[in-house]
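Chains as they are written, first to last, in the working numbering: chain A, 1 to 211; chain B, 1 to 211.
The hints are simulated quantities; they were obtained by calculation from the structure and are not laboratory data. Careful, some of the hints might be misleading.
Same chains, same names: a pair is fine if it fits in one copy or spans any two.
As the list claims (entries may be wrong) - Below 35 Å or equal to it, Euclidean Cα-Cα: the simulated DSBU-like pairs (lysine-lysine) are:
| no. | residue 1 | residue 2 |
| --- | --- | --- |
| 1 | Lys164 | Lys209 |
| 2 | Lys114 | Lys167 |
| 3 | Lys114 | Lys205 |
| 4 | Lys114 | Lys209 |
| 5 | Lys114 | Lys164 |
| 6 | Lys205 | Lys167 |
Protein chains: 2
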Amino acid sequence: MRTKLRRHPERRVAERDDILAILNEGLVAHVGFIDDGVPFVIPTMYARDGNVLYLHGAASGRLMSVTGSADQICVTVTLLDGIVLARSAFNHSMNYRSVIVLGNPRRVTDEEEKRRAFTALIEHVVPGRGEDTRGASATELEITGIIALDLSECSAKQRTGPPKDTKADESLQYWAGVLPIEMTFGQPLPDERAVEIPVPDYLRKYDRKRT
Amino acid sequence: MRTKLRRHPERRVAERDDILAILNEGLVAHVGFIDDGVPFVIPTMYARDGNVLYLHGAASGRLMSVTGSADQICVTVTLLDGIVLARSAFNHSMNYRSVIVLGNPRRVTDEEEKRRAFTALIEHVVPGRGEDTRGASATELEITGIIALDLSECSAKQRTGPPKDTKADESLQYWAGVLPIEMTFGQPLPDERAVEIPVPDYLRKYDRKRT
């Protein structure tokens, strides 16, 4: 399998549920594709619906034009959990969780599937919002490019825990440990026409941690 | 230029200083490269030294083996600033800043440059740490793969501000605005041998916002 880990095999995430949890928590994916022999990496909104990953293609006309063909793409979602400070410069690292999906993208053309994917994208970013917004019109669906990617070929990697110094370095008197990283969300800022509208529950309690 | 924006040209970041500021603030890059005809995207630590981007190659044996050749790579750094909630599902978006760099990677072999890159990597992640850690030995430098990429071909894109609804949607009574996103850092967690060592200033005041 091409997503096999070549380095740090101990960092492999084995359980499928753990892989899906990373995809559920992430907000943005980095999509890699080849255009005229050159690799491009573009940040894109995504959502998971069962065993399928949907990508919002509008971010790049380039992505949409390439994935009309049978070319392969790579989708990577990375969550940063901490900066790992070891006593030696060499053993500094990051705590993270990362998923890589490889596959042949499929352009979504069926209107019903497209509508489902559209809702999944909104609900992925803000659960509860799908019901509380004006749904996409037929024309809006038409001009939105959506790509589906099967989740069959994917792998995940993570690093957790404290730094790992060598025995010889352990007694050095440098501070060592982890600086935790978190993605946090501020007070919702209404636009000028929404100041009188109560902030919805799904925003006041917004949190991406998934169980 | 291949990094030309095809969509949303108004989102282009024109000033070079603004492009560099995004690179300075980011913690992780997503590196895209082609291996045996397949595009791969891998999260990697990076640092900028003047007009050169250094990538820590240890994250992937695959990356290092590919970039030994003349192949091109793409390095993308993305900062998320907010979730943009419009009245219509269609106009939902993200506020973000993103840089894309394309080029032919160069494997760093000169020991002096390698040491400089190594320090740049540590200082990029934790400014001030370079002086407060055991520096890399000759052997450690030897086994660390570092890639240099010229910053000559790069572009940046950003979206800021409130949602943009159509005139027809503006009177709809859905909440609309921005949910700000921030990367925050928790209390430094010392490992068991560092509990007695005072937390260094550069960690207590840690912040990635750059001016």
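Within a copy, between copies, both or neither: which one fits Lys114 and Lys164 at a CA-CA cutoff of 35 Å? For Lys114 and Lys164, only the inter-copy Cα distance (23 Å) is at most 35 Å; the intra-copy one is 47 Å.
With identical chains treated as interchangeable, where does the CA-CA distance between Lys114 and Lys209 reach 35 Å or less: within a copy, between copies, both, or neither? within (27 Å within a copy, 39 Å between copies)
First find the shortest C-alpha distance between Lys114 and Lys167 inside one copy, then the shortest across copies, and answer within, between, both or neither for a cut-off of 35 Å. Answer is between; shortest inter-copy Cα gap is 25 Å, intra-copy 56 Å.
Under a CA distance limit of 35 Å, which applies to Lys114 and Lys205: within one copy, between copies, both, or neither? So Lys114 and Lys205 pass the 35 Å test inside one copy only (29 Å; across, 47 Å).
Quick one: Lys205 to Lys167, C-alpha cut-off 35 Å, is that within a copy, between copies, both, or neither? Answer is between; shortest inter-copy Cα gap is 30 Å, intra-copy 45 Å.
Between the shortest in-copy and the shortest cross-copy C-alpha distance, which are at most 35 Å for Lys164 and Lys209: within, between, both, or neither? Classified as both; 27 Å inside a copy, 28 Å across copies.
Comparing the model with each earlier hint shows no violations; every hint is respected.
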